[in-house]
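Peer 1: Can you make the complete structure from the sequences, with help from the hints?
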Amino acid sequence: MTVLEFFIEVAGTYVSTLAFGVLINIPRRALNFGGWIGVLGFLLYRFTVLSGGGYVVGNLLGAFAIGVASLQAARIKKMPMILFNIPALVPLVPGGQAYQMIKNFALGQNATAFVFMMQVVMISGSIAFGFLLSELVNRVQQRAWRHRR
Amino acid sequence: MSSQKKRDQLILHTALTAGRIMIENGSEIERVEDTMTRIAHNAGAETSQLFVMITGILMAINGEVGAQIQPVKRRTFDLEKIAVVNQLSREFATHDITLRQFADKLDHLDSETKYFPMWAQLLAAAMVSGPLEVVFRHNLHDFWISCLVGMIGWLVFYLLNKFIQIRFLSEFAGAATIGILAVLAVHMGLGLSVDDIIIGGVMPLVPGVPITNSVRDVLAGNLVSGPARAVEALVSAAAIGFGIAMVLQFL
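Going down the list, the protein sequences come from chains A and B.
Position 108 of the first sequence, counted from 1, bears residue number 107 in numbering that gives the first Met the number 0, the numbering being contiguous throughout.
Position 183 of the second sequence, counted from 1, bears residue number 182 in numbering that gives the first Met the number 0, the numbering being contiguous throughout.
Treat the hints as calculated values from the structure; they're not laboratory data.
Glycine residues also receive a C-beta, built at the ideal position from the N, C-alpha and C atoms.
There may be inaccurate statements among the hints.
[As the list claims (entries may be wrong)] Chain A stretches covered by chain B per the calculated footprint, using a threshold of three residues with CB under 8 angstroms from any CB of chain B:
hint : region
1    : 12–19
2    : 23–30
3    : 72–79
4    : 101–108
5    : 137–146
Peer 2: In structure tokens:
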């Protein structure tokens, strides 16, 4: 990955996260934060994959970072957390694999389709599990926060 | 009607309207329960009992009025309304607005829709499709055509959704349009790869809100609403998949 490619990916992720936020009508004040959280999650995923960590761990780390960062953003901005983590999740969606699965099923190449289906299931599962882990951290933090007050 | 009874009625009305607006526009169940309990508590009701599901809310407070039901009929994604209800609830908690003002503002919020203007939404659909096509597939050549295809596909989805109001059918039609346009674009020499254009173009239709909310609902222990949302997301994904698959079949 060259430096230029890196910047193109960051810019692409930021713009697309922001634009998805516009489509589901997120308040203007929350858009910028959501965009950067999307970049954070995607970069963690990308670097994990580049350093040989694999798709599953990458998506798990990405979703985990998105979940934790969203709660901090929600606390700073005093807005609901889902305003930040829904658009930020979009760059992690396994669009390519899902498309290959559909295409191979449509063309009757079931063996290849099942390989891609397995990938889609693994990636979705790891994103869900990443969210679960981040929720664990958030609950602990909330408990500590309440306790301290 | 005694004044206490009127007050109780108003508390129930406010809390139920707030809850309905939040579910209609894509909030997770736990937040709805939390907000409604807070409203009732801040308005002076000592205890409140709640039963929140994705298709309806049941609420009772100790007082002179009985429990009331509020059905949730339509379901759209308008996260700004959730943020506004959240903001109003905070203002009510700090006594910046009275219960009457709160109720009026909620009724007002319910009747108006303040989406971004049409051109901004179209631009946004283009800006989801093109950049994600480049990020996923590293195909800079097809950037502009992906933007265009994604925008038209989203427009078809949006218009159909407005008129027939069955989300899954609109998604199907939008995906089929994207498929046809992608094949046409490559035929006419405007793009290099049908696959890449379709992958980018479909991204604005991704059911992001149900996916995220289903995970959060299941985690919070709402074992009815969570799987219901997961089914919603799966059916959406299947509708998009069928739309694409149909086009590829006839290639």
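Peer 1: Which of the listed hints are broken here?
Peer 2: 5
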